[in-house]
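Novice: Next come the chains, spelled out residue by residue.
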Amino acid sequence: MTYPLDPRLSVLPERLSRIRKVVVFTSSKGGVGKTLISATASLTLSRRGIRVGLLDIDVTNPTAHIVLGVDPSKVKPVEDRGIIPPEVYGVKFMSPVFFTEDRPTALRGESVSSAIREILSVTLWTGVDVLIIDTPPGVSDELLELVTNIRRFDAVVVTTPSILSIRSAMKLLDLISPKVSGVAINMVQGKSASEVTQLIKELKLPVYVLPYDPMVEQAIGNPQKMLATEFAREVDRQISSSIMSSLLNKDLNHQ
Amino acid sequence: MHEWALAEAVATSLSRYIRDVGTSKIERLIIALGELQAIDREIFEFALSEIMRSSGIDVKSLELVTEEAVFKCNACGYEWRLKDLNIPEEIRESIHFLPEAVFAYVKCPRCGSPDFVIVKGRGLNIVGIEL
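Chains as they are written, first to last, in the working numbering: chain G, 40 to 294; chain E, 1123 to 1253.
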């Protein structure tokens, strides 16, 4: 007799069913700014009055808490018929770091998948309309776990203007193209927006051009300071407004 | 009590299974509780019974069996058990929430490698259904 699959997979649709939009920030290369964009988009959406959650699924090296200034030894999720994420600047925030205390965590693929299933199956995102997911770089177990087990999500592929990063992003786009809702080109300097957009114009996808802003590094760990940067203004103007518009369109389509 | 969330996962899974096989009754259900996750047996059993009752899943006999947690080092091949380790209570709590957190706190007791696997006894599994 074949027994049911991993029970955790059965409950995933229910856990995410009341979330109106899931947006996954992903990239082929590391260091392109996914975590900064994910965290900043969450903060700007919260400032816009959207009920937002941020999930860091980088199991081996989570860093979104550093951007938000969260000390995992002091801030903890609450257990109540599931796990309720703590709220940071209006953002419901969940990360493996709450359980690993920011210690180096070496996991092989199967354990990475298992950890993500566990987090997704026990976290209660009650009251969250938009869930932002920050992923580690590459076509990793983390990304595959999302693609396989979450039916509805939009992916934003993040790259820098470097040709190495863009070529890698193209491969990722090819792989998950039906899920991709936009491409964010981060740390743009010395090139005009139109020049950069030209690089991936044939994709016919929305392109978000984000500037290289030296103030960002100093704002890490201080959400208020981060929100005051030019980078955050552009994340808000381009990415968060686009997420809001899609929510509005959904509402209009359901009327 | 996140045992409720885990019980809900099992009940949802069972609900789908019995719908697929076309029954609402289960004679015997056996669930293995991995020692590593340290699920509170009493709460889990209560939660599962409540959720199954409200979901219309009729289980005549529910058995919860504990599965010992065993680890194996990928570097030197050494095998060890959870009971061989002395893990402080606050870390056990973290592992209770996320069993893979064990990789942040434990290394091979013989060679010190962080590269090991959980051979068995991680979390909960449905191991037997008799209709």
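Derived by calculation from the structure, the hints in this document are not laboratory data.
Worth double-checking, as some hints may not be accurate.
Said to hold, decoys possible - Pair ranges (Cβ atoms, derived):
hint : chain 1 : residue 1 : chain 2 : residue 2 : range
1    : E       : Glu1215   : G       : Lys289    : 35 to 43 Å
2    : E       : Glu1252   : G       : Ser201    : 53 to 61 Å
3    : E       : Ser1177   : G       : Asp119    : 18 to 26 Å
Predicted, not measured: the structure shown is a model, and the values here were computed from it.
Even for Gly, the Cβ is constructed at its ideal location relative to N, Cα and C.
Novice: With reference to the structure, classify each hint as holding or not holding.
Specialist: Each hint tested on the structure:
1. Glu1215/E - Lys289/G: 35 to 43 Å: holds (40 Å)
2. Glu1252/E - Ser201/G: 53 to 61 Å: holds (59 Å)
3. Ser1177/E - Asp119/G: 18 to 26 Å: holds (21 Å)
Of the numbered hints listed earlier, not one is contradicted by the structure.
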